[in-house]
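Novice: Spelled out, the chains give:
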Amino acid sequence: MRLNRREFVVAAGAAIAAGSGAGSADADNSPILIGQIPALTGSSSDPGIGFDRGVQFATTEINDAGGVNGRKVEIITRDTQGDPSKAVNAVQELINRQKVHAIWGPANSGESLAVTPIMAKAKMPNLHPCVIDALIDPVKYPNAYRVATANVQWDGAAVRYVTEVLKLKSVAIVADTTGYGTTAAAASEASFKNVGIDVVHKALIDSAQPDITADMLRIKSSGAQVLVLWSVSTGLMSRIINGRGELNWDVPIAGHPSLGSGQIAALLKKPEYWEKVYQVSFKNACYDASGKLPARSQAFLDKISGKIRLDDTNFWWVAAGYDAVHLIADAVRSTGSTDSDKIIGYLNSVAHYPGIYGTYHFSATEHNGFPNDEVVMSKANSFRNGTFALAPGYT
Amino acid sequence: MLQAILVSGVAMGAIFALIGVTYNVMFAASRVMSFTAGQLGMLGGVLGSLFILRVGVPVLPGMLLALGGCALIGLATEIIAVRPVLKALDQHLYVLSTLAFALMLRQFTAIEWSTEPQPFPTLIGLGGGFIDEKFWLPVAACAVTIIGLEFLYRRTLVGRAFVAISEDNFAARALGLPERNLRMLSFALAGAIGGLAGFAGGELMLAFFENGSVLNFYGFVPVALGGLGSNRGAIIGGLLLGVFQQAANFLVGGLFVSVATFVVFILFLLLRPQGLFGTGTARRV
Chain C
1 MRLNRREFVV AAGAAIAAGS GAGSADADNS PILIGQIPAL TGSSSDPGIG FDRGVQFATT
61 EINDAGGVNG RKVEIITRDT QGDPSKAVNA VQELINRQKV HAIWGPANSG ESLAVTPIMA
121 KAKMPNLHPC VIDALIDPVK YPNAYRVATA NVQWDGAAVR YVTEVLKLKS VAIVADTTGY
181 GTTAAAASEA SFKNVGIDVV HKALIDSAQP DITADMLRIK SSGAQVLVLW SVSTGLMSRI
241 INGRGELNWD VPIAGHPSLG SGQIAALLKK PEYWEKVYQV SFKNACYDAS GKLPARSQAF
301 LDKISGKIRL DDTNFWWVAA GYDAVHLIAD AVRSTGSTDS DKIIGYLNSV AHYPGIYGTY
361 HFSATEHNGF PNDEVVMSKA NSFRNGTFAL APGYT
Chain R
1 MLQAILVSGV AMGAIFALIG VTYNVMFAAS RVMSFTAGQL GMLGGVLGSL FILRVGVPVL
61 PGMLLALGGC ALIGLATEII AVRPVLKALD QHLYVLSTLA FALMLRQFTA IEWSTEPQPF
121 PTLIGLGGGF IDEKFWLPVA ACAVTIIGLE FLYRRTLVGR AFVAISEDNF AARALGLPER
181 NLRMLSFALA GAIGGLAGFA GGELMLAFFE NGSVLNFYGF VPVALGGLGS NRGAIIGGLL
241 LGVFQQAANF LVGGLFVSVA TFVVFILFLL LRPQGLFGTG TARRV
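Chains as they are written, first to last, in the numbering used here: chain C, 1 to 395; chain R, 1 to 285.
Bound conformation, chain C alone:
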């Protein structure tokens, strides 16, 4: 059969239309690709492992329920080992080769500082749990959202606890000599001074310093009523707690969430030295004096019981990873699209989103989603299934 020119144009047009129709049907069923860049190995991998458990659980849950508008969620994980250069490579690969629709992570601030501008340039929707304040800026990084607390919120919780609950007037601030420690100590000093609290001593101690007796004597002689501690070094934190105990110095210690780490328990000379140590925590990850968690947290705990280990991780890490996947899935479900602009548009409209970790609220001008009033202090020595007891003074 021979086609004349008109018949050829019609037939070709029909073929292209049929082809594009088939293509669009494929796209509707294509998976929602979420890139994940936690540190799963290496010295800072504990949070990443916890986040990953929540991410995998949420993904299975969504897919078992039929997916999002018929589309499965697929997680593409790249282990950064806590190394910013590996995080940069992972992000480049996820954006350019894997063509993911959103990225969760990285899990620590140093890596996030390296990759946030790259994701902003690619307009890649990015949810992360990193605390450094500068990582969230809706003008510079309109694609980045914090599904956790900012450093300033940790300061706020410590300041509120010291002033409103403990009603103390003078503090000593101690931090390690890392970039995080020096920044956190300066921010904490400013926060306390802002509310009229006397910062009687500020010490930056090298986390490799094996004996801190002289430093502790100096801090004690400053007359501080409370010791505020910002460090991620379990060695330094345990030396400070041991030092306080050996000097029979009965002041509370308040500060970094790592104060409740199981690693610290192993390094304490006496278990009772861990009394009166309070760490930054989150309302949904804390149980009250009667041992009860908030209803939403308890329901989640029941749901994951036997499926996710919580005895070696933090509840909030698992919950934040779970919430991040659900936020992205809800964005696609609500807008019917995996377009970057649509996902960002949805996230900018999220108000009072009832996550497991917290109740998130974002807008076009506010990408810090975690509410201040859900940042609390807990007893460091009260670990139970990834959760902690609220510090005295909270209800």
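Hints listed in this document are in silico derivations from the structure and should not be mistaken for laboratory results. Computed from a predicted structure; not experimentally measured. From the three backbone atoms N, C-alpha and C, an ideal C-beta is built for every residue, glycine too. Heads up, some of the hints might be wrong.
Claimed, not checked - Some chain R residues near chain C, calculated using beta-carbon distances under 10 Å: (1) Ile5; (2) Ser8; (3) Pro117; (4) Ile131; (5) Lys134; (6) Asn181; (7) Phe208; (8) Ser213; (9) Gly253; (10) Gly254.
To be verified - Residues of chain R clear of chain C, computed beta-carbon distances all greater than 10 Å: (11) Met1; (12) Leu60; (13) Leu64; (14) Pro84; (15) Asp90; (16) Ser97; (17) Leu103; (18) Phe108; (19) Glu133; (20) Phe151; (21) Ala164; (22) Glu167; (23) Arg180; (24) Phe265; (25) Gln274.
Given chain C's structure and the hints, the job is docking chain R onto it.
Specialist: Just chain R now, kept in the frame of chain C:
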């Protein structure tokens, strides 16, 4: 506070001094500065904690096992990182080979042991406050090591053979001394001394993989301060460094302690490049 600075300074100084002696013992037998010295100190603490706390071996056998393990690592250093580069000493290839082996030891410990500090057992349970055993055990270990080395080098045939190969390798071989075996024995001895530094200082430094880098760095200073090859110099240099470092920690804070330490160190070397007890070598021109 002065007492606290002195007590912890002398204790840390004794640990640095023992690492300095480890450098010296390896250097004497091979003319190689082996950068595994600090890692041997780290392994003394890690193996002590492993055998005593995790495996449940009593303290004395646990110590012997830890020191034996470190002696084996010392031996491995000689075979893997030193022997292959002895023919090219003047090219300083040993810097690369021993540093690479040290990094391997560090990474292996981080992966297999932990990246967080782990507890070290209370060894005897004697003393408290400023006479706690964590302060005097490193000093006692340092004293025992020096007395033992003096006895070995002055009173035993093997010790005199060590001295012979360190003073003139070629003459010693011409006399029929088994140079390679003596060098291996020397590295095993250095491994045990390094291990003793970490074991005796375990209650202070904990069982932590990062201790290796710290000890490598600060353990080298007494060697340079005291004069290369001088154990007496390493001991005095180590104790001075420990006290100065703790005082600097207290006076200028942890942020600047390394700067203060190395400013003083560099100034000292500018004034006396051969160290406290080293002798300047004459060079024919």
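Novice: Now, for every hint given, state plainly whether the structure supports it.
Specialist: Do the hints match the structure? See the list:
no.	hint	result
1	Ile5	5 Å, holds
2	Ser8	4 Å, holds
3	Pro117	4 Å, holds
4	Ile131	13 Å, violated
5	Lys134	8 Å, holds
6	Asn181	37 Å, violated
7	Phe208	6 Å, holds
8	Ser213	9 Å, holds
9	Gly253	5 Å, holds
10	Gly254	4 Å, holds
11	Met1	5 Å, violated
12	Leu60	23 Å, holds
13	Leu64	24 Å, holds
14	Pro84	31 Å, holds
15	Asp90	35 Å, holds
16	Ser97	26 Å, holds
17	Leu103	15 Å, holds
18	Phe108	14 Å, holds
19	Glu133	13 Å, holds
20	Phe151	30 Å, holds
21	Ala164	38 Å, holds
22	Glu167	37 Å, holds
23	Arg180	37 Å, holds
24	Phe265	17 Å, holds
25	Gln274	30 Å, holds
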